[in-house]
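Asker: If you read the protein sequences in the order shown, they are chains A and B. For the first sequence, position 11 (counting from the first letter as 1) is numbered 11 according to my numbering, and the numbering increases by one without interruption. For the second sequence, position 70 (counting from the first letter as 1) is numbered 70 according to my numbering, and the numbering increases by one without interruption.
Hint data in this document are derived by calculation from the structure and do not stem from the laboratory. Here the structure is a predicted model, which is why all the values come from computation and not from measurement. Backbone N, C-alpha and C fix where the C-beta goes; we use that ideal spot for every residue, glycine too.
Sample of chain B residues with no beta-carbon within 10 angstroms of chain A, all distances over it, derived: (1) D9; (2) R15; (3) I80; (4) D118.
If we take Cβ atoms under 7 angstroms as the criterion, some of the chain B residues that face chain A in the derived model are: (5) A36; (6) F57; (7) I125.
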Amino acid sequence: MNEAEFLLRELEDALSPDESLELQNTIDARPEFAVKRRRWHRVAEDLATTRTTSFRPMFADRVLVRLREARQTGEDTIYLHLRWMFARVAMAGVGLALVLGVYNTTGGLEFSDTVVETLFGLPAPSLESIVMLADV
Amino acid sequence: MCPVEAPDDEELLERARGGDDRAFGILVGRYEAIVASTVVGMLGPGDDAEDVGQETFIRFHRSLDRFRGESSVATYLTRIAINLSLTALKRRRRWMERFKASVLVAEGVSDGSNPLHDRERQQRIDRVRIAIDALSPQHRAIVVLRMIDGYSTREAAEILNVPQGTVMSRLARAMGRLEWQLKETEE
Numbered sequence: 001m002n003e004a005e006f007l008l009r010e011l012e013d014a015l016s017p018d019e020s021l022e023l024q025n026t027i028d029a030r031p032e033f034a035v036k037r038r039r040w041h042r043v044a045e046d047l048a049t050t051r052t053t054s055f056r057p058m059f060a061d062r063v064l065v066r067l068r069e070a071r072q073t074g075e076d077t078i079y080l081h082l083r084w085m086f087a088r089v090a091m092a093g094v095g096l097a098l099v100l101g102v103y104n105t106t107g108g109l110e111f112s113d114t115v116v117e118t119l120f121g122l123p124a125p126s127l128e129s130i131v132m133l134a135d136v
Numbered sequence: 001m002c003p004v005e006a007p008d009d010e011e012l013l014e015r016a017r018g019g020d021d022r023a024f025g026i027l028v029g030r031y032e033a034i035v036a037s038t039v040v041g042m043l044g045p046g047d048d049a050e051d052v053g054q055e056t057f058i059r060f061h062r063s064l065d066r067f068r069g070e071s072s073v074a075t076y077l078t079r080i081a082i083n084l085s086l087t088a089l090k091r092r093r094r095w096m097e098r099f100k101a102s103v104l105v106a107e108g109v110s111d112g113s114n115p116l117h118d119r120e121r122q123q124r125i126d127r128v129r130i131a132i133d134a135l136s137p138q139h140r141a142i143v144v145l146r147m148i149d150g151y152s153t154r155e156a157a158e159i160l161n162v163p164q165g166t167v168m169s170r171l172a173r174a175m176g177r178l179e180w181q182l183k184e185t186e187e
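Sequences are here, hints too, so could you generate the full structure?
Answerer: Laid out in structure tokens, this is it:
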């Protein structure tokens, strides 16, 4: 465990009794580590003081108003329809890819070199196609 | 007269799925603190945070049918809040690049007890927020989840869908940067 991990685990209260003892020994032996530890504890305290536990008053009411507005404008309905459509289109796409993959491997192009090329129906590059690409 | 017990999450979720807005409103009130902590930690206080906070609950409402309790409501909401905050940060960065806007600083929160103490505390919070703003979105997300929201390393890893080792290494780097930046502003 490195220095930083040691300190973070201490801040999380996750050190075992043996590790706590080891930490204390390190603090006693190395003053610069003790300084770093003090600073990290201070940073942790400072961070904790910035915690905000509420928005402006009546937050729940504003959320509910927005929810009703979304319903009235049909925003929610559009979202639900898009989600429904996407699920179907994605499923159909995967199905189609599977069918094409099976077709390509069983009765498709026979001159592909690798499994991936066969699966996607890609012909292996020939000398002719390389020359054509080079000309382009 | 026997006291009325507050309905549990499961019951409220069921009612909300059936279109009961009041039940959903109770859930919003119950989890506002968790979402506010994440969103304000990521974006700082202001209209952006409020907007993302609202959007988090709207998205949650849309996904009620799919939410089957694999994770807790808090974890689920935090995941939505973090993702929306990251998107908002991207949008903000594009906006800032275009208009070269100045750095946003937190609005003051005071309990009115000691003005001098409050001012010092507020200045300190402002410095911390500026230091958080200087972190990359990924590092910021880890710092917010672990150090502000109080999630464990395992939970933070689950929310961000990264290995625990990644959480530790990013957090160590972020803490190093924060330490350096806060030391700089103090000197």
